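J.: Sequences listed follow chains Y and G, in order.
Going left to right, the first sequence walks through residues 35 to 178 as the working numbering numbers them.
Going left to right, the second sequence walks through residues 35 to 178 as the working numbering numbers them.
What the hints contain is simulated information worked out from the structure, not anything from laboratory work.
Note that the structure is a prediction, hence the values are computed from the model and not measured.
Mixed in with the good hints there might be a few duds.
Claimed, not checked - Per label pair, the in silico range of CB-to-CB distance:
no.	chain 1	residue 1	chain 2	residue 2	range
1	G	L50	Y	P55	47 to 55 angstroms
2	G	M35	Y	S47	27 to 35 angstroms
3	G	G87	Y	H122	41 to 49 angstroms
4	Y	A89	G	N36	46 to 54 angstroms
5	G	H122	Y	E46	44 to 52 angstroms
To be verified - Derived pair list, reagent style DSSO-like, types lysine-lysine, alpha-carbon separation capped at 27 angstroms:
no.	chain 1	residue 1	chain 2	residue 2
6	Y	K143	Y	K68
7	Y	K171	G	K143
8	G	K54	Y	K160
9	Y	K150	Y	K171
10	G	K171	Y	K150
11	G	K143	G	K171
Idealized CB from N, CA, C, for every residue including glycine.
There are 2 protein chains.
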Amino acid sequence: MNETMVFERFIESKGLKHSKPRLGILDVFLNIEKHMSIDELWAAVRIKHPSIGYATVYRTLKLLCEGGLCRELHFEDGTTRFEHLYGHDHHDHLICTECGRLVEVVDEKIEALQVKLMRRHGFSPKYHRMDLYGTCKNCRKSEP
Amino acid sequence: MNETMVFERFIESKGLKHSKPRLGILDVFLNIEKHMSIDELWAAVRIKHPSIGYATVYRTLKLLCEGGLCRELHFEDGTTRFEHLYGHDHHDHLICTECGRLVEVVDEKIEALQVKLMRRHGFSPKYHRMDLYGTCKNCRKSEP
DNA sequence: CTCTATGCAAAACCTTTGCATAGAA
DNA sequence: TTCTATGCAAAGGTTTTGCATAGAG
């Protein structure tokens with residue numbers, strides 16, 4: 035069961051149809067191994083499939099999110115980016131404020147405490163988002 | 035040293051000028067005790083100061099952020115909101131996905147682990163953002 | 001006086017949608 | 001044949017800016 039199969043089943047379950055553009059976009063999406071903006075994805079899609087329009091990329095991205103293959107993230111700087119979701123376990127982000135480097139991390143102790151914290155306030159946990167900002171080793175070397 | 039003084043000093047430090055609209059907007063801003071959108075702030079400003087334009091609210095809000103009085107937050111649902119910053123210690127958010135209720139919290143254990151986590155990856159911590167989503171007690175009562 | 005702040009309106013952006021046509025089932 | 005999908009272009013919505021005038025220092 036890979037991403038493409040998940041997507042095809044999702045398409046079927048919604049009574050939608052298969053199409054080349056959708057599979058082409060999915061393929062390009064899966065081969066970009068970072069958090070991408072719609073424009074970045076579109077640019078990459080155009081290289082392989084010049085005839086695909088922006089609107090189709092846009093609509094397919096929404097489908098991917100709905101189908102659990104993609105997650106839309108809104109960052110502190112106001113940008114919107116998308117990341118792979120299927121087969122990727124939950125993770126949080128370390129982000130370098132100098133160079134933008136992004137590291138995916140999970141800290142089980144923090145995860146457990148987050149659940150406790152929510153329960154303590156009467157919440158039933160569903161999901162969360164944690165972004166930790168700072169300067170990475172490299173950036174501190176060059177600019178002391 | 036209150037917010038208004040902080041703002042005036044900030045204005046001076048940047049070689050800018052005092053003005054009634056700016057102080058009026060700051061005053062209204064400070065009296066809204068929740069995370070507000072630009073439009074909500076503008077609506078509130080218009081009641082007290084009908085002649086102030088949207089652009090001035092917009093530009094003043096940017097100044098407030100720059101001056102450390104206000105923080106711009108981008109939420110998972112794509113909305114942008116602003117919260118008071120000066121005199122408010124750092125905090126994280128619990129957000130009800132049903133009713134939108136927002137609780138400000140701090141968990142010292144989590145804070146400490148976040149710092150450790152960053153250090154472990156070679157980052158020097160600057161700030162972070164943690165939003166925990168779930169359903170609150172009330173919403174689970176009404177819809178079981 | 002001189003330089004900044006303001007209100008207005010328009011521009012720039014980004015996101016989303018309508019529609020006629022192409023394509024899947 | 002009967003739907004849905006697509007590309008294009010245009011509409012929406014929000015954020016940002018230019019400019020002439022008002023206002024602060």
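J.: Does each hint hold? Answer for all of them.
T.: To see whether the hints hold, each was checked on the structure:
Distance hint check for G:L50 and Y:P55: the Cβ-Cβ separation is about 51 angstroms, which falls inside the suggested range of 47 to 55 angstroms. At about 59 angstroms, the CB distance of G:M35 to Y:S47 disagrees with the hint of 27 to 35 angstroms. Our hint of 41 to 49 angstroms for G:G87 and Y:H122 holds, since their Cβ atoms are close to 46 angstroms apart. Remark: the range hint 46 to 54 angstroms for Y:A89 to G:N36 is upheld by a beta-carbon distance near 51 angstroms.
Checked against the hint of 44 to 52 angstroms, the pair G:H122 and Y:E46 passes, with Cβ atoms roughly 50 angstroms apart. In summary, the hint linking Y:K143 to Y:K68 is supported, as the alpha carbons are separated by about 26 angstroms, within the 27 angstroms threshold. Between Y:K171 and G:K143, the direct Cα distance comes to roughly 25 angstroms. Compliance with the 27 angstroms bound is thereby established for this hinted pair. Using a Cα cut-off of 27 angstroms, the hinted pair G:K54 and Y:K160 is violated, with the two alpha carbons roughly 45 angstroms apart.
Simply put, Y:K150 and Y:K171 have alpha-carbon atoms about 32 angstroms apart, too far for the 27 angstroms limit, and the pair is violated. A threshold of 27 angstroms between alpha carbons decides the hint, and for G:K171 with Y:K150 the separation of about 15 angstroms falls inside it, so the pair holds. Taken as a hint, the G:K143 and G:K171 pair is honoured in the structure, with Cα atoms around 24 angstroms apart against an allowance of 27 angstroms.
In terms of the numbered hints stated before, the structure departs from hints 2, 8, 9, listed from lowest to highest.
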